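A.B. asks: Sequence:
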Amino acid sequence: MDLTAPGGRGPRLIVFGRQGSGKGTQCALLSSWLGIPHLSTGDLFRQEVAEDTALGSRVRACLESGALVPDDVVLDVVIKRLRHAAGYVLDGFPRTLEQTSTFFEALDRPADAAIELYAPNDVVLPRLAARRVCRTCGDVTTAAEDDPPERACTNCGGVVAQREDDTHEAIRRRLAHWDEQAGPLLRWFHSRGLLDT
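So in numbering that gives the first Met the number 0 the end of the sequence shown lands on 196, straight run, no missing numbers.
Simulated from the structure, these hints should not be mistaken for lab results.
Bear in mind that the values here come from a model prediction, so they are computed numbers and not experimental data.
For each residue, glycine too, the CB sits at the ideal point set by N, CA and C.
Any given hint could be a false lead.
[To be verified] Here are the in silico distance ranges between beta carbons for each label pair: (1) Ser100 <-> Asn154: 18 to 26 Å; (2) Thr166 <-> His189: 27 to 35 Å; (3) Arg82 <-> Ala151: 17 to 25 Å; (4) Leu62 <-> Arg171: 21 to 29 Å; (5) Gly192 <-> Gln161: 39 to 47 Å; (6) Val139 <-> Arg171: 31 to 39 Å; (7) Ala85 <-> Cys155: 40 to 48 Å; (8) Arg162 <-> Glu50: 33 to 41 Å; (9) Gly192 <-> Ala105: 33 to 41 Å; (10) Glu50 <-> Glu163: 23 to 31 Å; (11) Ala84 <-> Cys136: 19 to 27 Å.
[Said to hold, decoys possible] Heads up, simulated DMTMM-like pairs for lysine to aspartate or glutamate below, C-alpha to C-alpha not over 20 Å straight-line: (12) Lys79 <-> Asp121; (13) Lys79 <-> Glu115; (14) Lys79 <-> Asp138.
With the hints as constraints, model all of the structure from the sequences given.
C.D. replies: Structure below.
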């Protein structure tokens with residue numbers, strides 16, 4: 000994969016895959032290596048909420064009610080934040096064909112490459128069962144067998160705990176949902192010469 004980008008800007012990369020496939024880890028490495036920001040929709044949502052924007056208010060309402068953030072809001076946030084970005088590693092977005100087509104229509108070639116990370120169930124299930132997330136800053140870590148159910152975050156001092164939706168059954172449902180959506184998404188990127196796996 001050629002990571003040079005036109006016009007002297009940094010590359011615009013999309014990294015997607017099943018939960019637990021290592022997207023966050025690989026995106027952080029690419030970000031450091033290429034000197035471009037690592038962005039996830041969660042990061043972008045938190046920024047909008049912290050800045051108390053109109054979009055941030057809509058995101059906050061969804062998150063507080065436990066609802067998924069609707070596609071139109073997700074797209075508005077992502078497009079707003081990336082419209083003038085000089086390069087980025089975009090973590091886990093877009094997730095659907097609809098998001099993809101709107102994203103590519105709104106921004107002039109918002110990706111130079113899309114990278115799919117795949118890991119089978121026997122790898123991702125234990126990873127996700129051991130995943131712990133800071134409730135304040137969103138930092139993700141892996142719990143050791145003897146770790147307490149909750150502990151202090153080494154980044155911000157917030158509470159690090161297992162996500163409530165990281166039950167075995169919920170994880171399997173999310174993996175199945177991704178697997179259903181992945182085929183058309185991968186074909187879309189492949190047909191445009193953007194996909195690396």
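A.B. asks: Hints first: check each against the structure and report whether it holds.
C.D. replies: Hints, verified against the model:
1. Ser100 <-> Asn154: 18 to 26 Å: For Asn154 against Ser100, whose Cβ atoms are near 36 Å apart, the range 18 to 26 Å is violated.
2. Thr166 <-> His189: 27 to 35 Å: 33 Å, holds
3. Arg82 <-> Ala151: 17 to 25 Å: This hint is violated: roughly 37 Å between Cβ atoms.
4. Leu62 <-> Arg171: 21 to 29 Å: At roughly 24 Å between Cβ atoms, Arg171 and Leu62 fall inside 21 to 29 Å, so the hint holds.
5. Gly192 <-> Gln161: 39 to 47 Å: Holds, since Gly192 and Gln161 (Cβ atoms, about 40 Å apart) stay within the stated range.
6. Val139 <-> Arg171: 31 to 39 Å: Given range 31 to 39 Å: violated, Cβ gap about 20 Å.
7. Ala85 <-> Cys155: 40 to 48 Å: 28 Å, violated
8. Arg162 <-> Glu50: 33 to 41 Å: 25 Å, violated
9. Gly192 <-> Ala105: 33 to 41 Å: The hint (33 to 41 Å, Cβ to Cβ) is violated, given that Gly192 and Ala105 are roughly 20 Å apart.
10. Glu50 <-> Glu163: 23 to 31 Å: 27 Å, holds
11. Ala84 <-> Cys136: 19 to 27 Å: Roughly 22 Å apart at Cβ, these two residues keep to the hinted range, so it holds.
12. Lys79 <-> Asp121: 38 Å, violated
13. Lys79 <-> Glu115: With Cα atoms ~24 Å apart, Lys79 and Glu115 exceed 20 Å; violated.
14. Lys79 <-> Asp138: 24 Å, violated
Of the hints listed earlier, those the structure fails to meet are numbers 1, 3, 6, 7, 8, 9, 12, 13 and 14, in rising order.
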